[in-house]
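Assemble the complex: chain A is given as a structure, and chain B must be docked to it using the hints.
So the sequences go chain by chain: A and B.
Take the first sequence: its position 8, counted from the start at 1, is 8 in this note's numbering, and no numbers get skipped.
Take the second sequence: its position 119, counted from the start at 1, is 119 in this note's numbering, and no numbers get skipped.
What the hints contain is simulated information worked out from the structure, not anything from laboratory work.
Treat the hints loosely; a few may be bogus.
[To be verified] List of simulated lysine to aspartate or glutamate pairs, EDC-like, C-alpha gap at most 16 Å:
1) 113/B to 46/B
2) 15/A to 37/A
3) 6/B to 37/A
4) 57/A to 35/B
5) 20/A to 45/A
6) 66/A to 46/B
7) 57/A to 37/B
8) 66/A to 37/B
9) 22/B to 11/A
10) 22/B to 16/A
11) 126/B to 137/B
12) 59/B to 71/A
13) 15/A to 42/A
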Amino acid sequence: MSVAGARMRMDLALKDLHLKWAHVSQSWNDPVSRAFESNYLDALDQGARLAAGALDKMRDSIARAKRECGEG
Amino acid sequence: MSDAAKVTSLDDLARFRAAVIKALDELRLSISEAESEVGRVRGWVERDQSLYWQTQHRKAQEHVATCKSALFRKQMVTSSKDQKPSVVDEKKALERAHARLALCEQKRAAVKKWSIQITREEILFKAGLAPLSALVDRELPHAVTLLARMLEHLDAYMKLKVPDLSKLYDGGADAAVADMRRRGDSIRAMLGTAAAGDAGAERDGAAPEGGGESPQGGASGSQAEPSEADR
Numbered sequence: 001m002s003v004a005g006a007r008m009r010m011d012l013a014l015k016d017l018h019l020k021w022a023h024v025s026q027s028w029n030d031p032v033s034r035a036f037e038s039n040y041l042d043a044l045d046q047g048a049r050l051a052a053g054a055l056d057k058m059r060d061s062i063a064r065a066k067r068e069c070g071e072g
Numbered sequence: 001m002s003d004a005a006k007v008t009s010l011d012d013l014a015r016f017r018a019a020v021i022k023a024l025d026e027l028r029l030s031i032s033e034a035e036s037e038v039g040r041v042r043g044w045v046e047r048d049q050s051l052y053w054q055t056q057h058r059k060a061q062e063h064v065a066t067c068k069s070a071l072f073r074k075q076m077v078t079s080s081k082d083q084k085p086s087v088v089d090e091k092k093a094l095e096r097a098h099a100r101l102a103l104c105e106q107k108r109a110a111v112k113k114w115s116i117q118i119t120r121e122e123i124l125f126k127a128g129l130a131p132l133s134a135l136v137d138r139e140l141p142h143a144v145t146l147l148a149r150m151l152e153h154l155d156a157y158m159k160l161k162v163p164d165l166s167k168l169y170d171g172g173a174d175a176a177v178a179d180m181r182r183r184g185d186s187i188r189a190m191l192g193t194a195a196a197g198d199a200g201a202e203r204d205g206a207a208p209e210g211g212g213e214s215p216q217g218g219a220s221g222s223q224a225e226p227s228e229a230d231r
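Next up, chain A with everything else stripped away, as it sits in the complex (with noise of 0.2 Å):
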């Protein structure tokens, strides 16, 4: 798989795991889902944000790298 394809099923996972999240905060809405929100759910997108700019960024460098090295 492709850097870019990698970066595209992160994008999946997480969309997902949001839609989900929204689906069972319906049924479970107290102090404890909060913290679980704040502790792991809010980390992962920040986790998830830089990777996808590190994703991005390597994704361009490849291209270029291939580009520049390769025969074409």
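Using the frame of chain A, we list chain B on its own:
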């Protein structure tokens, strides 16, 4: 109360836990595949392309030499009418060979540059993925465990057996009363038998000719008839 627990569906919670596990697997796979891809590209630049352009450069040098020789030979040839033959094709071939050699030199320089740059960018890339990797390796498995424990406790709570006191107010009450009555009868019978035994003993003491036994066999029977003294 603001600090009260509010969970209205254990199924939803279980489905969310399954979604966290799935996301965990997907994220782990994404990180792993991305890192593998970067490693593959680094290997491609450092080994494959380095070797490829080294070989191509040598071949281009040889081709330039061959084209130069061909041009030189053609320039030395004299035609039958003392005219110089055309060397346009040889010159064009030599130009192409020079262009290819220049490209090979340019590519070798690019490979050298990228061998350093891709390693540097890989370090930055891994640093960018590190927080997500830490979450995937440590925090999210902990979240899955936490949800599992919550589900276990809530499930155990839901399965708590509470005595059904309403049975006392319907048919169950009659049965309980009947049971109590039966027990009471039994106790009374035992007490009655014991009393009969005592009375018999007293009578035996007063009238020794009775042989020392009660008329109904003493204290062994729970359904004993009242003795003469009882009457």
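Evaluation of the provided hints:
1. Under the criterion of a C-alpha separation no larger than 16 Å, the hint pairing residue 113/B with residue 46/B is consistent with the structure, at around 10 Å.
2. For the hint pairing residue 15/A with residue 37/A, the CA-to-CA distance comes to about 15 Å; that is within 16 Å, so the pair holds.
3. Between the alpha carbons of residue 6/B and residue 37/A the distance comes to roughly 15 Å, so the proposed pair stays at or under 16 Å and holds.
4. Taking the CA atoms of residue 57/A and residue 35/B, the gap is about 13 Å. The hint holds against a cut of 16 Å.
5. For the hint linking residue 20/A to residue 45/A, the alpha-carbon distance of about 15 Å falls within 16 Å, and the restraint holds.
6. Between the alpha carbons of residue 66/A and residue 46/B the distance comes to roughly 12 Å, so the proposed pair stays at or under 16 Å and holds.
7. Our distance criterion of 16 Å between C-alpha atoms is met by residue 57/A and residue 37/B, whose separation comes to about 14 Å.
8. Under the criterion of a C-alpha separation no larger than 16 Å, the hint pairing residue 66/A with residue 37/B is consistent with the structure, at around 13 Å.
9. Among the hinted pairs, residue 22/B with residue 11/A is consistent with the structure: their alpha-carbon atoms are about 13 Å apart, no more than 16 Å.
10. Simply put, residue 22/B and residue 16/A have alpha-carbon atoms about 9 Å apart, close enough for the 16 Å limit, and the pair holds.
11. Taking the CA atoms of residue 126/B and residue 137/B, the gap is near 14 Å; set against the 16 Å cutoff, the hint holds.
12. For a cut-off of 16 Å, the pair hint linking residue 59/B to residue 71/A stands: about 15 Å separates their Cα positions.
13. Proximity of residue 15/A to residue 42/A is assessed by CA-CA distance (about 13 Å); at most 16 Å being required, the pair is judged to hold.
Every hint, counting from the list given before, is met by this structure.
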